[in-house]
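Engineer: Listed below are the residues making up each chain.
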Amino acid sequence: MKKILKPGIHWLLIFIPISIFLEKTHASAPLIFFSAALSIVPIARLIGGSTEQLAKYTGDAVGGLLNATFGNFPELIIAIVALKAGLHGMVLASLAGAILANLLLAMGVSFLVGGTKFHNQDYNVTSIRVYSSMMLIAVISLTIPSGFHLLTAEKPALENENTLNLYLAVVLLIGYVLYLFFMIKTHADFFKSESGGHGDEHEEKWSITRALITLVVASVLAAFMSELLVGAAEETGQVLGMSSVFIGVIFLAIVGGAAESISAISMAAKNKMDLSISIALGSSIQIALFVAPALVIMSLFVGPSQMNLTFPRPLLVGLFMAVILAAMVAGDGRSNWYKGVQLILIYLIMGMMLYFIPTI
Amino acid sequence: MKKILKPGIHWLLIFIPISIFLEKTHASAPLIFFSAALSIVPIARLIGGSTEQLAKYTGDAVGGLLNATFGNFPELIIAIVALKAGLHGMVLASLAGAILANLLLAMGVSFLVGGTKFHNQDYNVTSIRVYSSMMLIAVISLTIPSGFHLLTAEKPALENENTLNLYLAVVLLIGYVLYLFFMIKTHADFFKSESGGHGDEHEEKWSITRALITLVVASVLAAFMSELLVGAAEETGQVLGMSSVFIGVIFLAIVGGAAESISAISMAAKNKMDLSISIALGSSIQIALFVAPALVIMSLFVGPSQMNLTFPRPLLVGLFMAVILAAMVAGDGRSNWYKGVQLILIYLIMGMMLYFIPTI
Amino acid sequence: MKKILKPGIHWLLIFIPISIFLEKTHASAPLIFFSAALSIVPIARLIGGSTEQLAKYTGDAVGGLLNATFGNFPELIIAIVALKAGLHGMVLASLAGAILANLLLAMGVSFLVGGTKFHNQDYNVTSIRVYSSMMLIAVISLTIPSGFHLLTAEKPALENENTLNLYLAVVLLIGYVLYLFFMIKTHADFFKSESGGHGDEHEEKWSITRALITLVVASVLAAFMSELLVGAAEETGQVLGMSSVFIGVIFLAIVGGAAESISAISMAAKNKMDLSISIALGSSIQIALFVAPALVIMSLFVGPSQMNLTFPRPLLVGLFMAVILAAMVAGDGRSNWYKGVQLILIYLIMGMMLYFIPTI
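Protein chains in written order, with this note's numbering: chain A, 1037 to 1396; chain B, 1037 to 1396; chain C, 1037 to 1396.
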């Protein structure tokens, strides 16, 4: 377990009992919130690690599928918990925030950290192109129901809107399945990195039982800590004077993706830029094309009412611009420290704006 | 004639008498509409074929000009008929729809069909770059009068708006003439395909009289069938519960461009990607830079009032996104089946949205 | 001095006394305005020339810094004068206009002039990529406060808005300083042109005293003539039936950047495309990332109230589209006459729209 949590985050598991203690003693919401947030980071890494171990027993195709599907499991769990509580606005904010955090923050810090060690870092452009157009498609798709909502706001078009969102979710999931088929089966050569295999070479190999048990236990823990996290989110916002959108976009999003972001950054520091970028971009795509539509369909069964993909306009414009920017910055197959600065600056500026908007 | 209609569409000519019969017997509007629509496909192919035959007698430059100008003759005829009837909204919808159908549907199906036969298909990027920036310029230009309309909606700025649209139409036509000059005269080398000449090698050669007569007869037929088509369009929408914008964007647009789209797809199946893409993109450009401004100017003489290029906002945003997406997807000179899927998915999603919007 | 003003603009200095005479005799506002405008062109060139001379005494890094910082000194002076007069709308319009004039007009004319002499002109793509993403970042940043303003228009969020704008200005200036560091220190190799050094080879070298005195005198003259220019601007608009936004976007912007634009065009005519493009794009970036935020901060001390970066929506959309277009058109490292036409056409069309809008 230590090896999987190697980048020095296993000690964060201590925040599991701390969070429970804080919750039981009715500590203030922000304390519970941030404690639960910290505890989810190593749990997420455990989920990722045990999935990778399982993948070793399944062969490449199923393994790729497992990794892809469980790659954003923590985000999914947090979102489902918030969905159950009917916090649709916060769910959407956390989805948008996760995409922004991956495209701008994780990739930006990766470029910056890598760029301070190496003058230029080269990577394979073919996969970047696929990722970029996937992201653009995802964002265009998410624009549709939001635009529809804006256009029909005053008219009683609720039924149409729900139908449109369901159909859209199904189309996106079909697109996602074909994307996996493309990536794992027909054009796996596009996604080969030049810099060597995934993960570390001398990693221990777990028994299949151990991998499965770890996955199940970690998932249960993640669900439990997400309950604490989401339960404290709104009150945390009130205490700190932040809107629930801001809490969702910044904090929930970063917590859910922290484990993956740390991987992306440590890969960049080792000059494995292909891996670094594919983690950050691949994760964004899964959120937009798998997690988001899956949540729409789940909302029929889990939550109080159907959740539609109607993002507030600032988030939508932000997503669109982040995708265009990331495509432009990453698109020439060579990174340096200043590209990292550029991405981080835009993340900062967008965060500032969301912080200062009274309500969205 | 059979050779020109070779991809097996000449039997569709049977829909000419069928449509006339349906019209005379006052059949239901959708029957007339779809019958007339089917009859226009082979007529459009005849127009294209006779233009190509004429071009053989004129030398490259004039031939290029002829092909370019008559390339979207069917769209133009349908639009003029709708213009005469004062259906400005439907004309604009059919123009936007024709661009979307070319960029997303025709190119998407081409990539998909080609991609199922060949693992990757390569093509010349230089011409794609020219086409992409032309399309972006066209869309930016079309944004201007629509934005102007939105901004001045409440003020009585009608006269200014008409003037702006006329000036804009003139500027676009100047841009189009210079584009032809660039493409045919100064930089013809950019547009040479690597995969061989236009059309099939062993095609018969017509006499100039035959070519001219075919062109004239086919044009008259096209105009006549367009009258039936447009006359039945609005009622068809009402019967099927579709808005007239949806009818224009989807049905009118696909009918007008079907012949060209079929060519583009069959070129892709023969691995002639340069030709395939240049048909789809070239056609979009002609619609935006030639057909659209020409219709504005014609509307002074043909219709009840001047038609301005004020597209409804969803169409405008859709056009902008389709152009950016097509540029990104097609821009690296190599296609595969999944790129086709991406483009088709976005076309589907946009279509879904337009279907569900009550009125635009 | 003649050598510096070589492209035949030194005789324009005659407009300094002419403008003063017109002002003293209370001539009509447009006369004063255009006379002062013409006089600023050679003054701006003197500022640029003396800065280059100074740079010869300082070593590469400081020299680069000097050139970068004083590159848009004329624009800055005009803007400060307008800021003092509280003409915030005109300042913002002149900033947006300066970016548009550089990206579309100066680059367009450069491509056109160069393209009439040479079939194709090649240039280094690496620096273009950096410039393009910098411009996109700049425009995204400028979108934030404007979007914020639109979203909170009805609510009394003035204090938040001022704070957001100040923070944004600071973040942009930090980004600008790091950009200079990147460009001058760590990655100077990216910006090496293949076509030889800056400026003309056999240029005379000034004494440091002469350079300093010229710089100071020219700056004082620029400030003085800007007073006349700005003082006559609003009345000129009224007399000619133009909005103050139009005056700012077109006239103030072109005047401030004329000297640099002339350099860019004359470099293109000499087939030094790297220099030509880096002047046009570099200048846009400095305006967005240095002049604009600097003016926000200065407005705390100079003007009647804080100036926020809330651009009217047509300018914002125009900026965004101009950046995407310029990136697409310039991005393949090869220019021709028609690319120039494309850029100029869009500038014309945008200008037309701004002319016809009653008020923005």
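Quick caveat, the hints were computed from the structure, so don't treat them as lab data.
Predicted, not measured: the structure shown is a model, and the values here were computed from it.
Honestly, I wouldn't trust all of these hints.
Pairs count within a copy or across copies, as identical chains cannot be separated in the list.
Pairs of lysine-lysine residues, derived as DSS-like cross-links and limited to a Cα-Cα distance of at most 30 Å, are as follows [stated by the list, open to error]:
1. K1120 x K1241
2. K1120 x K1153
3. K1221 x K1153
4. K1306 x K1221
5. K1060 x K1306
6. K1241 x K1060
Engineer: If a hint holds in the structure, say so; if it does not, say that too.
Structural biologist: Outcome of the hint check:
Taking the shortest Cα distances, K1120 and K1241 never come within 30 Å of each other, neither inside one copy (37 Å) nor across copies (70 Å). In this assembly of identical chains, the alpha carbons of K1120 and K1153 never lie at most 30 Å apart, being 45 Å within a copy and 46 Å across copies at closest. With identical chains, the CA atoms of K1221 and K1153 are at most 30 Å apart between copies only, with a shortest distance of 16 Å across copies and 35 Å within one. In this homomeric assembly, K1306 and K1221 come within 30 Å of each other (Cα to Cα) both inside a single copy, at 28 Å, and across copies, at 24 Å.
When the C-alpha separation of K1060 and K1306 is checked against a cutoff of 30 Å, the pair qualifies neither within a copy, at 42 Å, nor between copies, at 70 Å. Taking the shortest alpha-carbon separations for K1241 and K1060, neither the intra-copy value of 38 Å nor the inter-copy value of 78 Å comes in at or below 30 Å.
Of the numbered hints stated above, those contradicted by the structure are hints 1, 2, 5, 6, listed in ascending order.
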